[in-house]
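*Asks:* Top to bottom, those sequences are chains S and W. According to this note's numbering, the residues represented by the first sequence are 423 to 526, in order. According to this note's numbering, the residues represented by the second sequence are 372 to 518, in order.
Hints in this document: simulated from the structure, not taken from any laboratory. The beta-carbon is built from N, C-alpha and C at its ideal position, and this holds for glycine as well. Mixed in with the good hints, there may be bad ones.
Cβ pair distances, simulated, as ranges [claimed, not checked]:
| no. | chain 1 | residue 1 | chain 2 | residue 2 | range |
| --- | --- | --- | --- | --- | --- |
| 1 | S | Gly475 | W | Arg440 | 26 to 36 Å |
| 2 | S | Met524 | W | Asp484 | 25 to 35 Å |
| 3 | S | Thr511 | W | Ala490 | 45 to 55 Å |
| 4 | S | Gly497 | W | Arg492 | 48 to 58 Å |
| 5 | S | Gly465 | W | Arg404 | 36 to 46 Å |
| 6 | W | Asp498 | S | Gly497 | 40 to 50 Å |
| 7 | S | Lys453 | W | Arg440 | 34 to 44 Å |
| 8 | S | Asp523 | W | Ser480 | 24 to 34 Å |
| 9 | S | Lys519 | W | Asp442 | 46 to 56 Å |
| 10 | W | Arg474 | S | Glu469 | 27 to 37 Å |
| 11 | W | Glu488 | S | Lys457 | 25 to 35 Å |
| 12 | S | Ala513 | W | Glu485 | 55 to 65 Å |
| 13 | W | Asp496 | S | Arg492 | 20 to 30 Å |
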Amino acid sequence: MASTVIGAGITIDGEITTDEDVVVEGTIRGKLTAKESITIEAGAVVEADVVSGPLTVAGSLTGNITSSDRVDLQGGAKVIGNVKATRITIADGAQFKGNVDMDV
Amino acid sequence: MASSVTARGTHSANKTSGSTRGGSGARVGAGTRIRGRISGSGDLTIDGNVEGDVNVSGDLTVGEHGSVRGDAVEAESITVAGTLEAEGQVTGQLRVLVGSHVRCNVKGSISIDEGAEFAGRIDADFDLPPELEGHSSSARAGTSRRS
Numbered sequence: 423m424a425s426t427v428i429g430a431g432i433t434i435d436g437e438i439t440t441d442e443d444v445v446v447e448g449t450i451r452g453k454l455t456a457k458e459s460i461t462i463e464a465g466a467v468v469e470a471d472v473v474s475g476p477l478t479v480a481g482s483l484t485g486n487i488t489s490s491d492r493v494d495l496q497g498g499a500k501v502i503g504n505v506k507a508t509r510i511t512i513a514d515g516a517q518f519k520g521n522v523d524m525d526v
Numbered sequence: 372m373a374s375s376v377t378a379r380g381t382h383s384a385n386k387t388s389g390s391t392r393g394g395s396g397a398r399v400g401a402g403t404r405i406r407g408r409i410s411g412s413g414d415l416t417i418d419g420n421v422e423g424d425v426n427v428s429g430d431l432t433v434g435e436h437g438s439v440r441g442d443a444v445e446a447e448s449i450t451v452a453g454t455l456e457a458e459g460q461v462t463g464q465l466r467v468l469v470g471s472h473v474r475c476n477v478k479g480s481i482s483i484d485e486g487a488e489f490a491g492r493i494d495a496d497f498d499l500p501p502e503l504e505g506h507s508s509s510a511r512a513g514t515s516r517r518s
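Whenever a hint applies, use it, and build me the whole structure from the sequences.
*Replies:* Structure representation (structure tokens):
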């Protein structure tokens with residue numbers, strides 16, 4: 423179980439900084455910074471710039487992504503923003519609008 | 372990582388639960404810091420640091436190492452084992468556990484365990500005993516402190 427879980431009914435307006443895993447099922451507006459992995463579940467809404475380790479998105483994310491590891495956009499994900507990561511997967515059925523910078 | 376505090380054991384016993392709760396619970400882990408407003412439905416457990424207002428429809432638990440510093444805090448019930456400091460008003464059933472540090476103005480009901488530190492104003496509605504009725508119209512305790 424992840425150390426920090428933002429449940430489905432919860433909305434956070436502001437800045438989240440953590441050195442633990444984060445699972446987002448609710449809504450976040452602002453900024454999200456994690457040293458470890460971030461999982462944005464289906465149904466979650468994130469309107470924030472995201473800085474993380476491995477990032478998995480199945481929900482909606484509007485904002486720029488900077489990941490020190492890989493970014494997985496799963497089917498059903500909706501992502502608007504630029505992605506900077508070492509590796510990226512965009513699954514069939516994921517919606518994505520933005521630039522990808524893989525630091526080559 | 373730190374021990375997860377989801378202590379609601381004795382507390383939930385006297386509570387009529389089963390109210391309509393949308394959403395699942397949320398947990399702010401020990402290594403997490405949030406600056407901003409947290410609102411919504413469901414329960415919330417805070418073992419990290421929160422700077423800002425908290426307003427949830429369910430139960431709010433501030434763990435032993437958790438802290439909440441904000442203006443207004445509102446929840447169905449609030450159980451504090453860590454730190455709670457609010458400039459504004461705290462609304463809900465507040466339970467101050469041993470070892471905690473609480474500084475706030477409370478509207479609702481409150482219980483303070485022995486060994487807890489509490490500073491603030493308590494605005495609780497209750498019926499005065501007959502012998503005291505007529506002295507003051509509002510049942511309002513002044514600033515109290517217990518440690």
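*Asks:* Each of the hints needs a verdict: does it hold here or not?
*Replies:* Each hint, compared with the structure:
1. S/Gly475 with W/Arg440: 26 to 36 Å: Distance hint for glycine 475 of chain S, arginine 440 of chain W holds at roughly 28 Å.
2. S/Met524 with W/Asp484: 25 to 35 Å: Violated - the Cβ-Cβ distance for methionine 524 of chain S and aspartate 484 of chain W, about 55 Å, lies outside 25 to 35 Å.
3. S/Thr511 with W/Ala490: 45 to 55 Å: With Cβ atoms ~53 Å apart, the hint holds.
4. S/Gly497 with W/Arg492: 48 to 58 Å: 53 Å, holds
5. S/Gly465 with W/Arg404: 36 to 46 Å: 25 Å, violated
6. W/Asp498 with S/Gly497: 40 to 50 Å: 60 Å, violated
7. S/Lys453 with W/Arg440: 34 to 44 Å: Since the Cβ atoms of lysine 453 of chain S and arginine 440 of chain W sit about 19 Å apart, the hinted range of 34 to 44 Å is violated.
8. S/Asp523 with W/Ser480: 24 to 34 Å: Between aspartate 523 of chain S and serine 480 of chain W, where Cβ atoms are some 55 Å apart, the hint is violated.
9. S/Lys519 with W/Asp442: 46 to 56 Å: 37 Å, violated
10. W/Arg474 with S/Glu469: 27 to 37 Å: 33 Å, holds
11. W/Glu488 with S/Lys457: 25 to 35 Å: 33 Å, holds
12. S/Ala513 with W/Glu485: 55 to 65 Å: 56 Å, holds
13. W/Asp496 with S/Arg492: 20 to 30 Å: 55 Å, violated
Hint compliance for this structure: hints 2, 5, 6, 7, 8, 9, 13 are broken, all remaining hints hold.
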